[in-house]
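Number of protein chains: 2
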Amino acid sequence: MHLRLSCPAPAVPMDRITLAHGGAGLASRQLLETVFRPAFATHARDLTHDGAVVHAAGAKLAFTTDSYVARPLFFPGGTVGDLAVNGTVNDLAMCGARPLWLSAAFVLEEGLPMGDLRAIVTAMRDAAGEAGVTIVTGDTKVVERGKGDGMFITTAGVGIIEHTAAAPERVRPGDAVIVSGDLGSHGVAIMSVRDGLGIDRVCDGAVDASVKSDTAPLWPAVKAMYEAGVDVRCMRDLTRGGLASALNEIAATAWVSIDIDEVALETGTAVRAACELMDLDPLYLANEGRFVAFVAAADVPRALDALRTVGVSRGATFLGTVEKAHRGLVTLRSRTGGSRVVDLMAGDPLPKTR
Amino acid sequence: MHLRLSCPAPAVPMDRITLAHGGAGLASRQLLETVFRPAFATHARDLTHDGAVVHAAGAKLAFTTDSYVARPLFFPGGTVGDLAVNGTVNDLAMCGARPLWLSAAFVLEEGLPMGDLRAIVTAMRDAAGEAGVTIVTGDTKVVERGKGDGMFITTAGVGIIEHTAAAPERVRPGDAVIVSGDLGSHGVAIMSVRDGLGIDRVCDGAVDASVKSDTAPLWPAVKAMYEAGVDVRCMRDLTRGGLASALNEIAATAWVSIDIDEVALETGTAVRAACELMDLDPLYLANEGRFVAFVAAADVPRALDALRTVGVSRGATFLGTVEKAHRGLVTLRSRTGGSRVVDLMAGDPLPKTR
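These protein sequence lines map, in sequence, to chains A and B.
Each step along the first sequence adds one to the number in this note's numbering, with nothing skipped, and position 235 is 235.
Each step along the second sequence adds one to the number in this note's numbering, with nothing skipped, and position 332 is 332.
Rather than coming from a laboratory, the hints here were simulated on the basis of the structure.
From a predicted model like this one, the values you see are computed outputs, not experimental measurements.
Just to be clear, a hint being listed does not mean it is correct.
A pair counts as met if it fits within one copy or between any two copies, since identical chains are not told apart.
Quick list of in silico lysine to any residue cross-link-like pairs, SDA-like style, CA-CA up to 20 Å [unchecked claim]:
#  : residue 1 : residue 2
1  : K212      : D259
2  : K212      : R16
3  : K223      : A56
4  : K147      : E110
5  : K324      : A297
6  : K352      : R29
7  : K324      : A228
8  : K60       : R98
9  : K352      : T321
10 : K324      : G229
11 : K352      : P76
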C-alpha cells in the first residue's frame, strides 16, 4: 500500500492554522469553505484554483496569483525563482490564457545572502524570457531575522483569453482525459534535498543525482492544442497534491466521475525507485511542468499529435474518460485488473513544493 | 533638529540583505539599481514605484503589486487586511487607473489563531466593498512555526486607465503641487502599538487613544479631479518614507526641483505632539490615505474644489511649485523664513508600516 492511501484522515483543529491548511487536501478545502468563501463570496469559484476570468473594455483576461514558499531555495533542476515564474504562467495557461505580464513581490529575511537573491532574480529573468512574459511591476519588503524564511516570492499574472475559456464547468460525460507526461519529478527533486526526510539514507544517494524538477512553462503545449483546433474543455497543472488532487477537484466541480488507467501513467525510473523505497504514490506527488487536459473524445488524436510536437508535452498520453455514474468520484483501473478509488489527501505531510 | 534629518547616512553592506534594504531610502534604491534593474531591465521604470501600464486588446490597464508585512496585524484604525486592499487600490489610483480587480495571496504561519485570520479577511472584504473592487483570485500557503510572522498578505491589482496615465515624466516646471490632507497618522498609529519604541513612556499613553491610521481608498479623490477636467500630471501616495520620499523620487525622475511651503503642511494635534516628543519629522512618516498631485498651475482652483468635495481629501491644500533650477532637489520654505533641503532617508529604522 502507498503512504497517501493508507493514512487515515487526521482530525484538523480549526482554532489555529496548521500545516495541513496549506496542503492540497481536505483541511485546505475546509479553510477555503469556512473562512475565504464567506468573505469573498462573489467570485468564490475562482478562489479555489488557478485564475479568474475578467472582462475589460472588450478584452477577456485571466488574472491569477500564487505565493512560492518551497524550500530549499535551490533544488535539482531549478530555484524558487523559476517556480514563481513558471507556476503563475502555468496557472494562466490552464485558464486557456496566453500569459503576458507578471508582477513579482519579494518578502526577504534580514541576513539573506545577496548572492542568493541575485541568482534567483536571474533565474526569474531567464524563466520569463523562455515563457515569453514580461515582469512589469514589483515590490520588496524586508522582515527581521527569524520572522521569515530567506525569501518568499509572490507573483501575479495577467493573460489574454483568445479562445473559449477552459473551466471545469465545461467538462461533460464522454470527454477524454489526457496527461502531458511522466509524473513526480518535482516532488522527488525537492524531497531529495530536504533534510530529515531520510530519502538520502533510504535511496543511498541515488535520487539526488538523477531526478530534476520538471519546472517549465506549459503555454506552448496549450497553444499547440488550440492551433490544432482541439476543443479544450478544462486543464489543470498537477502541482500540490498531484494528479489525484487535480482530478478530484474537477470531478467534484464538474459533478462527473473520472475513470483513469494506471497503465497510461508514466514515471521515470528514478522517481519510481524513490516512490517504492519511500512508499509514496506518484499520483500525489507535485509536478511543475505537467498537466491534464479534458478534451472532446473525437479530438484525442489531434490533441495528442499537437502535444507531442512540443518538448514539454512530448510524453502526452490518453489517460481515461469522464463518466456520468458515481459523480464526484475518481477511480483507477490498476495494472492487476482491479479498480480503486483515488481519494483527496487529508493533509500534506510532505514538504512544500511550491 | 528632527531625527530623520540629523542622522548621518549609515553605510549599508551589500553582501547580505539588511532591514535598510526594505526601507524607503538610499539602500532600497541601491538594491533596485544593482539587483532588480539589471535583471528586469525592459520595464525598469515601472519597478521603482506603483504600477505598470500595459495594453491588452484595445484596453489600457494598470497592474501593480505589494506585500504587506506591517506589524502588529491589528492597530488603531485598521488591520493589515485593510492596508493590503487600500494600498494596492491606491497604487492603481496613483497611475490614474480606476481600480477593478484584486488578487490576494496569504503566507500564514503555523499557529496563527483562526480568529485573527477571520477578522483580517473580513476587514479585506469590507475594504474591497468600500473601494469598489472585487477580490477575484487568491492563494494560501502555510509555513512552519518560526518561519514567518503570523501573516504576510500580497495583493496585486488591475485597473483601467480612461485618461492620460499619470506619471513623473509628465511633470514640468511651473506645475503646482497639491497635498490631499494632514500627514503622519498611519506612522504614529503603528508606532503607538509597537513594543520597545518607548512612545508609550514618552507620550504617557496619550498617543494610543487619539491617533488612528488614515488607511482609506484614494480613487474617489482622483476621480473627482478627472471629472472636474483637471490635467493631472502625476500622483503619489505618501506611504513608506512619507512626503519627503515621494517628492524626492518624483524630482529625480522628472529631473526638476520641487519647492514646498511648510506653512501648507498640516499635522493633527496628537501627531504633532508625538513628533515633538519623539523627535520625528512628519515629512518622513508613513500615510495610507494621503497623496500629492502634480497639476497644471491653472488647474489648482478646480483641483482643490474637486478634492474638497470628497471625504478622504477634504483637507487638500496647495503645497508648492515645480522649478527648473537645482534639478533633482526638494526644498522646504520653513515657517521661520529659511529654506532647507529635504533629503531622501538613508535607511528606515522605524517599524514597517505597510
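Self-check item: Unsatisfied constraints (hint numbers, rising)
Solution: Hints 1, 2, 7, 9, 10 contradicted; others consistent.
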